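Since the structure of chain D is provided, determine the placement of chains L and W on it from the hints.
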Amino acid sequence: MARKPVDVANPSGSKPGGDPPSWRDWVDPRRAGWLRPLLLFVPATILARLVGAPGPWLFVLSAVAIIPLAGLIGEATEELSDELGPGIGGLLNATFGNAAELIISMFALFNGLDGVVKASLTGSIIGNILLVLGASLLAGGMKHRVQRFNRTAAGVGSTLMVLAAFGMLVPAIFHGLVGEKVAHLEHELSLAVCVALMLAYALNLVFSLVTHRDLYNPKGEEKHEDGPGDLAGDGPGRWRPVILLLVSTAFVVWMSEILVGTVEAASEAVGMTQVFVGVFVVAIVGNAAEHSTAVWMAMKDRMDLAVGISLGSALQIALFVAPVLVFVSYLRAEPMDLLFTPLEVAAVVVAVLIARMVAEDGESNWLEGAMLLLIYAILGMAFFFLPESVAEAADGLAPAAHGQAAVGVGR
Amino acid sequence: MARKPVDVANPSGSKPGGDPPSWRDWVDPRRAGWLRPLLLFVPATILARLVGAPGPWLFVLSAVAIIPLAGLIGEATEELSDELGPGIGGLLNATFGNAAELIISMFALFNGLDGVVKASLTGSIIGNILLVLGASLLAGGMKHRVQRFNRTAAGVGSTLMVLAAFGMLVPAIFHGLVGEKVAHLEHELSLAVCVALMLAYALNLVFSLVTHRDLYNPKGEEKHEDGPGDLAGDGPGRWRPVILLLVSTAFVVWMSEILVGTVEAASEAVGMTQVFVGVFVVAIVGNAAEHSTAVWMAMKDRMDLAVGISLGSALQIALFVAPVLVFVSYLRAEPMDLLFTPLEVAAVVVAVLIARMVAEDGESNWLEGAMLLLIYAILGMAFFFLPESVAEAADGLAPAAHGQAAVGVGR
Amino acid sequence: MARKPVDVANPSGSKPGGDPPSWRDWVDPRRAGWLRPLLLFVPATILARLVGAPGPWLFVLSAVAIIPLAGLIGEATEELSDELGPGIGGLLNATFGNAAELIISMFALFNGLDGVVKASLTGSIIGNILLVLGASLLAGGMKHRVQRFNRTAAGVGSTLMVLAAFGMLVPAIFHGLVGEKVAHLEHELSLAVCVALMLAYALNLVFSLVTHRDLYNPKGEEKHEDGPGDLAGDGPGRWRPVILLLVSTAFVVWMSEILVGTVEAASEAVGMTQVFVGVFVVAIVGNAAEHSTAVWMAMKDRMDLAVGISLGSALQIALFVAPVLVFVSYLRAEPMDLLFTPLEVAAVVVAVLIARMVAEDGESNWLEGAMLLLIYAILGMAFFFLPESVAEAADGLAPAAHGQAAVGVGR
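Chains as they are written, first to last, in my numbering: chain D, 108 to 518; chain L, 108 to 518; chain W, 108 to 518.
Only chain D is shown next, with the shape it has when bound in the complex (with noise of 0.2 Å):
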């Protein structure tokens, strides 16, 4: 079990030695494992799926049991980089930190789905920064008048989301001025950007783990180390996160692979878009681990944790998994390009600016939260009213109307 939270990109210290076990900690959502019980709902999807369950069901159940397994993975990979030290164990966490958007974004990859992974990519990001963000700050803020957290560590994550979202807009700009003509140009701008996201990615990490790590480890908190653990301490408890982290993914795979193949008669049988499935039910399915967690760090005054798991997480998942699936892609018949909708574009600059906006001074109060989740649920509601058929087209599932739907500031 993980014994301190931290943060997925960025590992910051907690100081959970000091206080007394209260009972705060029993509520903790890592430590008491409240999602524990959820995990019933990995052999109730493999029963339902030997019994021949219909599409709908399937879904519903394998997108439950990834939440606790999305949680295992978390934690398992924090005590393998408490081990490991900061500088391994950041990478570590830095790449498997959303390994479970990343699993599903796969299979959904080669599926040929191509509109449902951008549509989670979206939705992952948006997710991060309106609602995980918005939660922590509303929750914390309902306890504690005004927050602080560190401006600059803040404020560089969220300069590095706005150039993420330029990276998304590029293409759709360029789409919109040169047409249907010319696919391959299109491809390899894509290409071009993701090397420049992937590169934003590592020096991220070299900043943050390497030459301004102590920036992510405010006054001291990273020596509270109380040795290892009784369960690393030695021998075969060494393994242990080594193991859970491998058969959790394993589960991972496995739920993932029945909740992309039922999404199609999911969408249908509730009346939604494939797309709004994709930006809103897998996205939060994926994250819902994280989201517990930053919320609960807020709610405890620890800002800059929860500050910093929402835009790491945001930030994981627009400069690295983003760019993997598009060179994964290649491995197809037809690669994958970075061609988002208008829609999904407008969310993504929307959320990454306002985000900006709250986080900027330092300080953050309820109303900025609530103001986050606001923005959240006005996007939700454009991307439910969305028709299929534009919903579709836009995300280049029929390639005919594409010239229609896609960005065109320019035309």
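Source of the hints: derived by calculation from the structure; they are not laboratory data.
Owing to the predicted nature of the structure, the values given are computational and were not obtained by experimental measurement.
Hints may contain errors.
Since the list can't tell identical chains apart, any single copy or any two copies may satisfy a pair.
Claimed, not checked - As a list, the in silico SDA-like pairs of lysine to any residue whose alpha-carbon atoms are at most 20 Å apart:
1. 407 / 252
2. 250 / 408
3. 250 / 313
4. 250 / 310
5. 250 / 318
6. 250 / 317
7. 250 / 312
Positioned in the frame of chain D, the structure of chains L and W alone reads:
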């Protein structure tokens, strides 16, 4: 007569008690009531109507007549809210603060002039955050080298404006994506966005009147109450503001009816589009009283009030007046939506972003004020040169050409 | 030789007097004059022209020759402005600061290469705020952990850049709304916007040279004048900078004529579009001297100068050079407008926003510099992949396709 000028949306205290009255006090636009003589335009308008004067004359007379009436509504509201205490008083202030704009827009709404309604909403928003704030910063900055104000209050206000601008942007993008086909979906989306905007408005009231009141009432300025004053002391005086409110509102209704009825004739006579008249003329008329107060406060280096008046009024238009008009439009045969023209959306987005940039450091100088005014001028020129056909089509008056002109970031 | 490097638009003092000369001073690009040897390219270009060398060769030779000449103009201007005092000197600096770009653009303008003119304006702006500022922050940040600069000066500069970006955006939106039909209205709007931009420029000069001079001359650095120096002391020395200015300007005119005359041949030879050549090659050539100074200043941790040079130069292009070119174009048969392509507008808007985000906290680190460079790279790729047909149509060279490609947020 209002004894202390109070920020419309965020009632803040002032400190008139201590200072001995100086010549400056007599030039205070509200105290000395320089707007009072303009009340003569009320009987003049009525007379002109009876005589059957041509439309353009009636337009000008009624426009000028509304300026002092709007000022009287503001004064009566403030007096009442002083007596009723910050809770209900603040609410009253917040509701009646832009009564004149609301009444004018209602008449335009039921005359089917949706384009003028939207144009005057846009005009009020950009007028408050570019013209009023710009003039305040310029006037104040010419007397004081650097002026300071509360960053947090200005920051929350300007972030809320971004939310409002975003509420205008989403329906426009949606329209660009789905085109003409699904008008009912657009109306549902508009309605949903309006609910979110109203919710944001309500939350802002809770924030500024309840949980974070002191942000808007710095350093004990709140407790300067030197008694409710002789006028309101007892007996008939108590009723003075109520009667003033009712009477001036009634006259605004009358004048507005004349104003809206002659918009078409007036815009034809001077060769300007109705949209231009809506964005600039109507918007300036409805806000003139607040304008002079804000500039006056800035010259006295009371920047918190000056910034509060302009941002507060813009917020009220965007988060309260606009949704109310959409809700009320459901009493018509066909409801109004929140679909603004691209130029309107761009104007509001740019105005909001630049106002936020100017406000975010809690400092201002004359050059920042001049920049806001220059941007207002550039926008004015763009609206001025826009041909009638495009301007009106874009506002939904010519449904056939609708898809041509409405915002289509997507296509 | 220039004794102290001074910010182009906002002349700031430096403190060369006190320090004993060290090896570092000899590497100062301006002092040691590493650009001097490049002057050999001037006779080489002339020789090649006489010999009748092919276009691409002439292009490269004249491009390189302009680099040291632009540096000489800068030095002469600074020397003159030192003598003339901050008032007239500042004005001189501000006017001649981008003389090379202005001259090159003039030739392109009268050769009807409007696309190249606009591309080089765009390129100069984004080059200054992404490439120059990015390289400065990166180089400085690799030597210094955190670097600080004057927030207010950087804030005013970047807000003015937003105004300039907005001045580019409005004609583009207007064009998207009205289409091809009303070219005369577009020209009137462009002209009006140009007047507003020039006014902003003039106000900025008043702000930085008169009312808020000390912002740009921190802490008494201004009074280090160790006499006007031996060169300028008396007699013929006084004329040295004037002669230097005239001669180097004359050669820039000559080289520019050759450069512009061979743009077409050169871009064909290397298979790049004229727009790409304009945005990147021409823009970099004209600014090389300033670039090296800014990076050098950043490495010496004199961030106010480094930031001032890059922002000041970008401002000058946007608020002075661009309007001047539009005004001058009325001497042609058909004037040039301010209608930029969507990609150009997006590039400037994004560059301005991200530069502002980086600058607003008055602190910088290497990662922020790297981010600016990455965004420059992404933009470079987008311009590189843009097909010739689209790039040129978008710039008005192919009027028939104009409506297709110009920014149409509306439609």
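As a check of your reading, is residue 250 near residue 318 (CA-CA no more than 20 Å) within one copy, between copies, both or neither? Between copies only: 11 Å across chains, 35 Å inside a chain, cut-off 20 Å.
Status of residue 310 relative to residue 250 across identical chains (alpha carbons, at most 20 Å): between (36 Å within a copy, 16 Å between copies)
Homo-oligomer pair classification [residue 317, residue 250; C-alpha up to 20 Å]: Between copies only: 15 Å across, 35 Å inside.
Since the copies are identical, ignore which copy is meant and state whether residue 250 and residue 312 lie within 20 Å (CA to CA) inside a copy, between copies, both or neither. So residue 250 and residue 312 pass the 20 Å test across copies only (19 Å; inside, 33 Å).
Up to 20 Å CA-CA - residue 408 versus residue 250, copy category: Close inside one copy (9 Å), not across copies (35 Å); limit 20 Å.
Please sort residue 250 with residue 313 into within, between, both or neither, judging by C-alpha distance up to 20 Å. between (35 Å within a copy, 16 Å between copies)
Which holds for residue 407 with residue 252 at a C-alpha limit of 20 Å: within a copy, between copies, both or neither? within (13 Å within a copy, 31 Å between copies)
The structure agrees with every numbered hint stated previously.
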